[in-house]
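Colleague: Sequence:
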Amino acid sequence: MPARTLSCLATAITLAATLVVAAGPAHAAPPVACGDTVTADVVLTADLTCPGDGLSIGADGVTVDLNGHTISGSATGTGIQAVEVDDLRVRDGVIRGFTIGVLLENVGDAELHGLRLLDNGGGTGGARARAGVFADRVTRLLIQGGRIVAHPGTPTAPAFAIRTEVANDLVIRGVDLTGRSTLAINTEAPRVIGNTVRDGGLSLSESNGAVVRGNIFLRAGIWVSECAGVRILQNVLTGGRGIDIGIASDTVVRGNLVRNAQYGVITDVVTSGLRVEENTFTGNGYGVRADVGSLSELDGLLVRGNRMVGNEQAGMFLEAEASTGAPARILISGNQFVRNGHASTGTDSAGRRIDDGLHTNVPASPDVVVARNLTLHNADFGIEALPVGSVRDGGGNVSTGDPSGCAGVACR
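Numbering (our numbering), first residue to last: 6 to 417.
Any given hint might turn out to be false.
To be verified - Between beta-carbon pairs, the in silico distance windows are:
| no. | residue 1 | residue 2 | range |
| --- | --- | --- | --- |
| 1 | Gly260 | Asp65 | 37 to 43 Å |
| 2 | Gly305 | Gly260 | 17 to 23 Å |
| 3 | Thr44 | Glu282 | 47 to 53 Å |
| 4 | Gly179 | Val275 | 31 to 37 Å |
| 5 | Pro368 | Gly339 | 22 to 28 Å |
| 6 | Ser409 | Gly260 | 28 to 34 Å |
| 7 | Gln239 | Ala51 | 39 to 45 Å |
| 8 | Asp46 | Arg145 | 16 to 22 Å |
| 9 | Leu223 | Arg133 | 27 to 33 Å |
| 10 | Gly57 | Ala162 | 15 to 21 Å |
Rather than coming from a laboratory, the hints here were simulated on the basis of the structure.
Note that the Cβ used here is the ideal one computed from N, Cα and C, for glycine as well.
Work the whole structure out from these sequences, hints included.
Modeller: See below:
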C-alpha cells in the first residue's frame, strides 16, 4: 500500500478514537422528584416520600416503571395523575397514603400492571373521590394484577379501592381488592374477571352490559342498580350480603356459589327480566328473596335449576302486596330445596312463619308458575304457596321428608 494511503488511514483511525473518547458515556437522566411532570419513560431508582402530589404525566406514550419502589404520601394529594393524555403504562411498585393513588381523567388507552395501591383514600379536604384508582372519562383501561387496599374512610368520606365514572372498555383482572369498588355513571360494559374481593364488594351503578365472572368475594357482596344487561357468572361469595339487585333490567345471575351470606340473591324494587339460574345458595339467611310492592315489578323473573341448601329462613321467599299493573311472568322451576328453614325467625306479611323450601305470599296470579321443583327435609313445607290459588301449579313438584308436604301446589 502506498505510504500516502497508509498515512491517511492512520489519521482517520486517530480521529475516530478521539471522537469516541470525547463523547464519553451517556449521562443518565436525573432521578424524578415529588411534584415532577413526566413527559418521557421513567424508571424509578429510589423510593419517593411526598408531602403533596407524587408524579404527573404530561405527554402521550409514557411508561412509568416503579421498579419495585414506593411513592408514599401524607394523606393528601395524588400519587400519580394523568389528565388528557393517551397511551399510559404504570407498573410494578407501591403507591401508598394519598387521597387518590392513581387519578386518570380524560385518558385513553391506559394500563396499570402489578401495582400495590395501599391505604389511599384517607385525609381531609374536598376531594370528590377518595380511592386507590379514580378514573373519570377513560377509554380502554386495564387494571391487572397487584393489590389494592382502600383506606377505611369514614361514613361521610368513604374511600374506594376503585371508582370509575364515564368509562368504556374497562377491564379489572387478577387484582386482590380490599374495600368497595364502584363502577358508576355510564361505565359501559366493564369486565371484572378473576379477582379476589375482600371486606367490601363491587357496586355497579349505571354500568350497562357489565360482566362479573370468576371472582372470589370474601365478606363482600355485589350490588346492581340502574343497570341493564349485567351478567354475574361463576363467582364464589362467602359471607357478606350476597348479590343485591336494585332497579335493573335483564340481569343474569348464573353458576355462582353463595354461602354463609345474608342472601344468595335479594331484590325489593323494580327488577324486570331477572334470571337466577344454576346457582348454589347454601347456609345463607335466604337463598333467594324477592319482596316487592306489586308483582309487576318482577316481570320476567326466572328462578331455575338452582340448589338451595341449608338456608336459615327459606330456600326462596317471594312476597308481593298487590298484582296491579302489567302481568308478571314469573317461573320457579327445576330447583332443589334441601334442609332450609331450620333456623327461621321470620314471618311473612300474613303472619306465617318463613321456614320452608319455597315460601310464597302473593295475590292470586296465573302468571306465577311453580313447576318441577324437588324439596327434601325442609323445616316445615317443601312448598308453601298460600293462599291457595295464588300461584299456578305447573306440575312435577316433588316433596320428600318435609313435615308438612306442600300447600298451594300438588307434590308427589
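Colleague: Which of the listed hints are broken here?
Modeller: Nothing - there is no hint that the structure violates, so all of them hold.
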